[in-house]
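Asker: This is what each chain is made of:
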Amino acid sequence: MNNRVVITGLGVVSPIGIGLDSFEKAMMAGKCGIDFIKAYDATNEKVKLAAEILDFDPQDYFSRKQIGRMDRFVQLGIVAAREAVKESRLNLKEIDLNYVGVSTGTGVGGIGTLLKETKKLMKNGLNYVNALFIPKFLPNILTGNIAIEFGAMGPSYSPTTACAAGTDAIGIAYKLLKYGEAKVMIAGGAESCINPLMIAGFTNMNALTQSTNPKKASMPFDVNRSGFVLGEGAGMLVLETLEHALERKANILGEILGYGQSCDAYHLTSSTPGGAGAIKSMANAIDDANLKISQIDSINTHGTSTLINDKNEVHAIMSLFKEHAIHLPVNSTKSMIGHLQGASGAVEAIGCILELKNQYLHPTIGTQTIDPDSVLDYLLGKGRPERLNCILSNSFGFGGHNSSIVFANNHSL
Amino acid sequence: MNILKNVIKEIMDVMGLSPEEIQLSTHLYDELDVDSLDMSQILLALENQYKIDLPDEELDHIETVEDLVKVVEEKLKDKEY
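Chains A and B, in that order, are what the protein sequence lines are.
Here the working numbering is used: the first sequence runs in plain steps of one and ends on residue 472.
Here the working numbering is used: the second sequence runs in plain steps of one and ends on residue 96.
Since the hints were made in silico from the structure, they are not lab data.
Remember, it's a predicted structure, so these values are computed and weren't measured experimentally.
Don't be surprised by glycine CBs; every beta carbon is placed ideally from N, CA and C.
Treat the hints with care, as some may be off.
Said to hold, decoys possible - Cβ-Cβ distance ranges computed for the label pairs, FRET-style:
| id | chain 1 | residue 1 | chain 2 | residue 2 | range |
| --- | --- | --- | --- | --- | --- |
| 1 | B | 40 | A | 240 | 48 to 54 Å |
| 2 | A | 208 | B | 63 | 30 to 36 Å |
| 3 | B | 51 | A | 239 | 34 to 40 Å |
| 4 | A | 263 | B | 45 | 51 to 57 Å |
Sequences are here, hints too, so could you generate the full structure?
Answerer: Set out below in structure tokens:
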């Protein structure tokens with residue numbers, strides 16, 4: 060079985076907008092979602108900036124009891140999933156829910172809950188740890204929550220491949236649909252870990268920027284880039300086999316043509332010099348899509364704004380795409396929303412679908428002076444219209460995980 | 016009376032309910048839709064508050080708010096001896 064896989068619903072909760080419409084407008088306009096940290100007092104800390112979702116009130120979406128059962132990453136994920144399912148107009152009462160699955164990625168799951176309960180443990184003892192600690196904290200629990208919400212009894216997965224988890228969750232869902240294991244998949248990623256523990260961990264390994272200028276903090280491919288900005292959010296997609304989507308006359312937003320993965324097998328946190336793993340994941344995705352290199356119209360880069368990632372990613376793009384790289388516009392969504400970790404690939408996937416729909420590429424903001432080692436067309440400061448059939452999106456995670464995925468517009472459907 | 020008040024408060028906190036929704040005779044599972052995770056939270060909160068043990072086997076005897084109050088009262092009496 061070799062089904063075509065299409066996208067019929069999108070949902071997003073991001074630092075530049077809750078809901079697809081506000082995210083789309085903000086992304087195309089190049090809005091910056093980065094500001095001084097509000098989650099805790101970071102005034103005297105080295106890292107002062109993050110990309111938080113400040114207007115998200117769980118009471119707008121959940122009962123008090125539900126809120127008590129969910130870490131924030133789950134709340135963000137469910138809100139995004141609800142929007143995606145609503146937009147897809149799936150009639151859950153009419154379809155066979157045994158063939159509806161869920162695949163969501165996260166880097167660290169409910170680490171905010173872990174931190175809170177650890178404080179209670181250290182202060183008061185074992186008996187004061189919340190009875191719901193485990194089902195709130197587990198990284199797979201978003202998948203479980205979404206399955207319960209929609210009654211989805213098909214395949215369920217929760218990749219935790221760090222910053223590649225969102226793309227991997229979508230990639231796994233795509234394969235399940237392609238090979239006939241499911242007919243519908245709700246897939247994406249969610250992350251919410253802007254807390255002192257995570258910031259300290261990333262700061263002490265020199266991964267985060269210590270910039271105090273929100274507009275010039277996340278500056279991928281800039282010669283003065285100094286690390287990423289931690290962000291939070293969730294992105295969810297409804298994926299279906301083409302046959303299933305056509306049968307129910309769904310509004311098809313785009314298609315997934317291919318997915319590729321590789322592992323650096325090199326270092327816990329640094330990518331291979333020259334980006335060998337990234338070359339492989341991109342090549343695998345393009346092969347899977349049955350495309351030629353020249354048919355890729357744009358790349359949504361991993362583009363974190365760290366010294367090593369950006370250098371190796373650009374090197375990988377230049378090595379694989381050769382002369383086509385000169386004509387290949389590339390951008391970084393992280394320049395606007397920071398690094399959403401396990402949700403980044405999912406929110407960026409939504410960005411790609413919106414770009415294909417609008418035939419318009421969003422800008423890379425923040426970046427001023429392109430690193431002379433990394434000369435590509437980055438759409439600095441301003442997006443622009445482009446003829447877009449296929450966009451490749453990259454996500455790379457600690458542990459050496461490299462994931463690439465190819466999205467196409469709906470013109471042939 | 017205080018025990019009843021505290022039991023109701025813990026149920027309110029866990030279930031996100033208001034006080035008028037909980038009476039002495041209210042059935043925890045049938046009327047309030049309390050599940051095993053809710054019950055674990057309620058029992059743990061009462062254990063910590065009264066410094067008593069409420070092991071899982073006690074659950075067999077608890078169906079209503081009144082049952083829960085009685086179990087707490089009995090455990091407090093045992094503690095006195």
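Asker: Hint by hint, work out which the structure violates, then give me just those numbers in ascending order.
Answerer: Failing hints: none at all.
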